[in-house]
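Line by line, the protein sequences give chains A and B. Residue numbers for the first sequence follow the numbering used here, so the first one is 3 and each next one is one higher. Residue numbers for the second sequence follow the numbering used here, so the first one is 3 and each next one is one higher.
Just so you know, these hints were derived from the structure itself, not from any lab. Hints are not guaranteed to be accurate.
[What the hints assert, rightly or not] Quick partial rundown of chain B residues pointing at chain A, CB under 10 angstroms, derived from the structure:
#, residue
1, L200
2, Y222
3, A232
4, D238
Computed from a predicted structure; not experimentally measured. From the three backbone atoms N, C-alpha and C, an ideal C-beta is built for every residue, glycine too.
For reference, the chains in residue letters:
2 protein chains.
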Amino acid sequence: MTYCVGLLVKEGLVMLADTRTNAGIDNISLYRKLRVFGEEGKRIVAIASAGSLSVTQAAINKLREGVRIPGREGLFFVETAPTMFRVAEVVGHALKQARHEIDETVDSEAVQTGASFLVGGSIGGGAPSLFLIYGEGNFIECGIETPYLQIGELKYGKPILDRLLLYRTPLKEALKLGILSMNSTIKSNLSVGLPVDLLVLKPGHSAAITFRIEAGDPYYEELGLRWQLALQEALDSIPDPPYLPADG
Amino acid sequence: MTYCVGLLVKEGLVMLADTRTNAGIDNISLYRKLRVFGEEGKRIVAIASAGSLSVTQAAINKLREGVRIPGREGLFFVETAPTMFRVAEVVGHALKQARHEIDETVDSEAVQTGASFLVGGSIGGGAPSLFLIYGEGNFIECGIETPYLQIGELKYGKPILDRLLLYRTPLKEALKLGILSMNSTIKSNLSVGLPVDLLVLKPGHSAAITFRIEAGDPYYEELGLRWQLALQEALDSIPDPPYLPADG
Chain A
3 MTYCVGLLVK EGLVMLADTR TNAGIDNISL YRKLRVFGEE GKRIVAIASA
53 GSLSVTQAAI NKLREGVRIP GREGLFFVET APTMFRVAEV VGHALKQARH
103 EIDETVDSEA VQTGASFLVG GSIGGGAPSL FLIYGEGNFI ECGIETPYLQ
153 IGELKYGKPI LDRLLLYRTP LKEALKLGIL SMNSTIKSNL SVGLPVDLLV
203 LKPGHSAAIT FRIEAGDPYY EELGLRWQLA LQEALDSIPD PPYLPADG
Chain B
3 MTYCVGLLVK EGLVMLADTR TNAGIDNISL YRKLRVFGEE GKRIVAIASA
53 GSLSVTQAAI NKLREGVRIP GREGLFFVET APTMFRVAEV VGHALKQARH
103 EIDETVDSEA VQTGASFLVG GSIGGGAPSL FLIYGEGNFI ECGIETPYLQ
153 IGELKYGKPI LDRLLLYRTP LKEALKLGIL SMNSTIKSNL SVGLPVDLLV
203 LKPGHSAAIT FRIEAGDPYY EELGLRWQLA LQEALDSIPD PPYLPADG
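Turn these sequences into a full structure, and let the hints steer you where they fit.
Next comes the structure, spelled out in structure tokens:
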């Protein structure tokens, strides 16, 4: 399993991806699921992947070699697509083709080839944008009403985003929320785990901050402890329910 | 969809169940999913159901008419089983038989007959216990290490329980946590909705408090608002992540 989340607020883009993959509960490995394409100063395109590792790796390889788009001449690359929308389109074709090729070579009844991508970034220092690419190759763009997109094991980490994340949320708060959303998922699902890769991109910047949170990271550990204490205080501050039995 | 949760702490038992059922997103109805059996002063057995409504209704009907258990004489009832473990056993047989009968009459490839129950209660004012009954008829009992059980749409409401619920958590805090767990689920999944039925049972009491939280319930609304504010304060109190880009 995997959990990847992208948060797109006014001040910028945050993307997080865990690194755990598993083939059954007894076969766990570590793979990077957040990759950065582009050239510093010109474009940043970050791609986070969930689902079948063979499919997502094959799709990433297509992006490196160039992607054919039916009805159009030549090869298409993330590095040269003119807009982020066109980047998403190239990634969608790569993913769809990778799935189809693998479906043809395996008995797809038995092998799960579902996969999806989050694609975020900006070109020429413009405002970042964020897309979710489905396994069929179509995609949606993140909007300001629901300023996040998730792939993989998304349910555990969704309530905190639904309660607190707005488009006007400051970038540093969005980053905290992304880390907390990941932390909630890691606590509730063993198949999502550290290290966690993150990327932060601000408008007007053509370079992104990337960081890998390893087990034992002091900020991550403090965040988890402080959040637990703050939640307990929040719970204590709520009046008692009127639905309790009388004592005695 | 459905969300039902039972919380079993030292001071007692809390059970909550929503009331929304749906056959497709465009066909939503309201059904009671938390039923109370037994006789006040003698025994309280609460049964919460998730999954196929036709299966859970058929199983409840079997409990009313009496359940046959293979290899044993006569009919078995929740109202006369000697222990809560035996109550769970009777419910398990009712559920398994209801599923099998419905599987035989329908094309089970097309009709989902998955279903499960939470069974909580106490006999003769003893300490409450809590069981999860699977569709196959087997069951597990809630233990003190993970003092809750869930059925239905369980993921959205799990992180808050994993973070804050302990066996030693006071009953009133457990009730708040159960309501918040339900509230988180309702916020993130449209197919779980108010009204919510709840039950609170303390050891030494042979009567339970039951209550239906309707839309507009003042405490429920205040709880949601206060929790949101408290979470925002908690988020603000956490130091900024060290992974941010420098300003400018």
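- Task: With chain A as the partner, please determine if Y222 (chain B) meets the hint condition of a C-beta pair closer than 10 angstroms.
- Result: This interface hint holds because 9 angstroms falls under the 10 angstroms limit.
- Query: Holds or violated: is there a CB of chain A closer than 10 angstroms to the CB of A232 (chain B)?
  - Reply: holds, 3 angstroms
- Query: Measuring from the C-beta of D238 (chain B) to each C-beta in chain A, is the shortest one below 10 angstroms?
  - Reply: holds, 8 angstroms
- Using 10 angstroms as the Cβ threshold, decide whether L200 (chain B) counts as touching chain A. Holds: closest Cβ of chain A sits about 6 angstroms from L200 (chain B), inside 10 angstroms.
Checked against the numbered hints given earlier, this structure breaks none of them.
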